[in-house]
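K.L.:
So the chains spell out like this:
There are 2 protein chains.
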Amino acid sequence: MVCFLYICTTESAPGTTLNINRIFLGRCLEYQELTKGTLIQPVKVNCTELWSVFAKAWIHKDPRSIVPSDFDEFFDTAKQTDLPKDKILLWSGTYGIAHEYSNQGRRYVTLEDSLIGYLVNGLTWCGMVCSKCDGINYVECPEFSDLPREANQAFWGGASRTFARTSSGMVRLMVSGTNENRQAYSKESYFGQFELPSLSSDVHLQVILVNFLDKIPLERCNTGSLVALQKDVESRGLSYSCTENPLDVLHLMCVSDPSATKCEIDRPTDVLSAPPSLPDVLSGRVRQRNELQDDFRVE
Amino acid sequence: MVCFLYICTTESAPGTTLNINRIFLGRCLEYQELTKGTLIQPVKVNCTELWSVFAKAWIHKDPRSIVPSDFDEFFDTAKQTDLPKDKILLWSGTYGIAHEYSNQGRRYVTLEDSLIGYLVNGLTWCGMVCSKCDGINYVECPEFSDLPREANQAFWGGASRTFARTSSGMVRLMVSGTNENRQAYSKESYFGQFELPSLSSDVHLQVILVNFLDKIPLERCNTGSLVALQKDVESRGLSYSCTENPLDVLHLMCVSDPSATKCEIDRPTDVLSAPPSLPDVLSGRVRQRNELQDDFRVE
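These protein sequence lines map, in sequence, to chains A and B.
Following our numbering, the residues of the first sequence are numbered contiguously, the last one being 860.
Following our numbering, the residues of the second sequence are numbered contiguously, the last one being 860.
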């Protein structure tokens, strides 16, 4: 790492995302303006102050020394207590499909659609102790696996816990039964460690087991780690159900792989025999000014 | 509208999006960092300068006086000449489903996934002439329909033209045949006015006609305005094809409406007879640090 004067940076940094403060601020301001059309209630927060609260948790610190409580003030300030009932989607090992499914807070709400996750999703950050720099390491951050467990999980563990605590009603959990390298459920996962213990006991947990179409299913709802999951959920007093590739999720997978055998739809040749009647008036198109007020049929 | 000193603002502004400059800057910085995992090539641009170029097109001006050339410098500065061949998705009257389909530049690239559209998608802006304000009207912007056509279409018309000019190979156009208030194709649409005339003649235009499942189809590929579209496309020397509810798009609609008749999938009861073999080693979960490096099967 090389620092000159107060600037420690490089072009191809595997360290802190460049301009993280301005990206954070922009996202925060945007989140307050543009939740219309989603399931998320408008949020009022002082974004500059929120950045300060976030930053003081890790700036000018050795990333190995971070402890979970460092982010407590941030979680307290940014948490949403009015997340929509019955619409929370937790995920474990299914980031991509879970986020296609949630559709940016329009169909369901994931941690990354909530303010805490939205602000920093995809960003990297770590601090450094030095007298002549801004306390942010833009050059390199330690691999998560090189960090003490406490430091590694400080942010996303606390974020997951906060999110689960504010979830209510029927909560969905999307897991995968076709990953050779990890079971659908493990006590060691973020879900197992932070989310399950933080769910209210009146939550109904509905597990969505995703078995990707091009993979061999290694687990089913009544086998493998799902049995352990049901036990752990019920022992905490929550009710439980599990469904494998429910129709909507199956269709979602079929978008990327429509020729898969399991995607076969019986299509009649439904050609109109008479020409359709069309409205005479063409409406001029007004370009999207606010995507979130839009629906599927207007422009 | 009420202005005190240099500040003209209100809590529930139907005018310019509050903090538009910081939202723009954040999006611009983010776009440069986070295109990994999408079909979009990394972009290098001076974001502060880009804001200045954008702002000077409309700040301190009466919105009724804006002309298309005001944004030329912005489009020149922000345009991407390396958009992916065969992956461009144009849309007309289909904002919602087109963007679910493009999946934020992962499956296809829409105007709003390109830098020009990304920076301001969903935002509202207009200027004002006044000596004691910052030239931005945060209180009210004219309805598009109240503006002279030139001013109305200045930004999104030019943006659409710029995007179409940089499209190549097979270009898809998603239109809807189930909207009672507008035909699938009209010469007056943004596509008809700005995109079609700007496509290179070696482009193949593939029309995706979306007939929403809960609506009566008013048009088919070989009827109504689609006939006119084919004629207009071919008279410009482009090749043309049209497909109604192709399988992947049908599946996408079925995600929201899996019980629709047209979504019926023949599902065998595929229960495993023997317990699946599971890997012995549980891999610890590492939370998403960069969503764009992620794929569907890792976390």
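Check the hints yourself; a few may be wrong.
Identical copies go unnamed one by one, so any copy, or any two together, can satisfy a pair.
Computed list of lysine-lysine pairs in DSSO-like fashion (alpha-carbon distance at most 30 angstroms, straight line) [what the hints assert, rightly or not]:
#  : residue 1 : residue 2
1  : K605      : K646
2  : K605      : K792
3  : K693      : K776
4  : K622      : K823
5  : K648      : K776
6  : K605      : K693
7  : K776      : K823
8  : K617      : K776
9  : K823      : K640
10 : K646      : K617
11 : K640      : K605
12 : K597      : K640
13 : K605      : K823
It should be emphasised that the hints constitute simulated quantities derived from the structure, not laboratory data.
K.L.:
Now, for every hint given, state plainly whether the structure supports it.
P.N.:
For each hint, the structure was consulted:
1. K605 <-> K646: within (20 angstroms within a copy, 42 angstroms between copies)
2. K605 <-> K792: For K605 and K792, the Cα distance exceeds 30 angstroms both inside one copy (40 angstroms) and across copies (52 angstroms).
3. K693 <-> K776: neither (52 angstroms within a copy, 65 angstroms between copies)
4. K622 <-> K823: Answer is neither: 52 angstroms inside a copy and 57 angstroms across each miss the 30 angstroms cutoff.
5. K648 <-> K776: both (28 angstroms within a copy, 26 angstroms between copies)
6. K605 <-> K693: Between copies only: 28 angstroms across, 36 angstroms inside.
7. K776 <-> K823: Intra 12 angstroms, inter 26 angstroms, cutoff 30 angstroms: intra and inter.
8. K617 <-> K776: neither (44 angstroms within a copy, 53 angstroms between copies)
9. K823 <-> K640: neither (40 angstroms within a copy, 41 angstroms between copies)
10. K646 <-> K617: Neither. Shortest intra-copy (32 angstroms) and inter-copy (45 angstroms) distances fail the 30 angstroms Cα cut-off.
11. K640 <-> K605: within (11 angstroms within a copy, 34 angstroms between copies)
12. K597 <-> K640: For K597 and K640, the Cα distance is within 30 angstroms both inside one copy (18 angstroms) and across copies (29 angstroms).
13. K605 <-> K823: neither (45 angstroms within a copy, 43 angstroms between copies)
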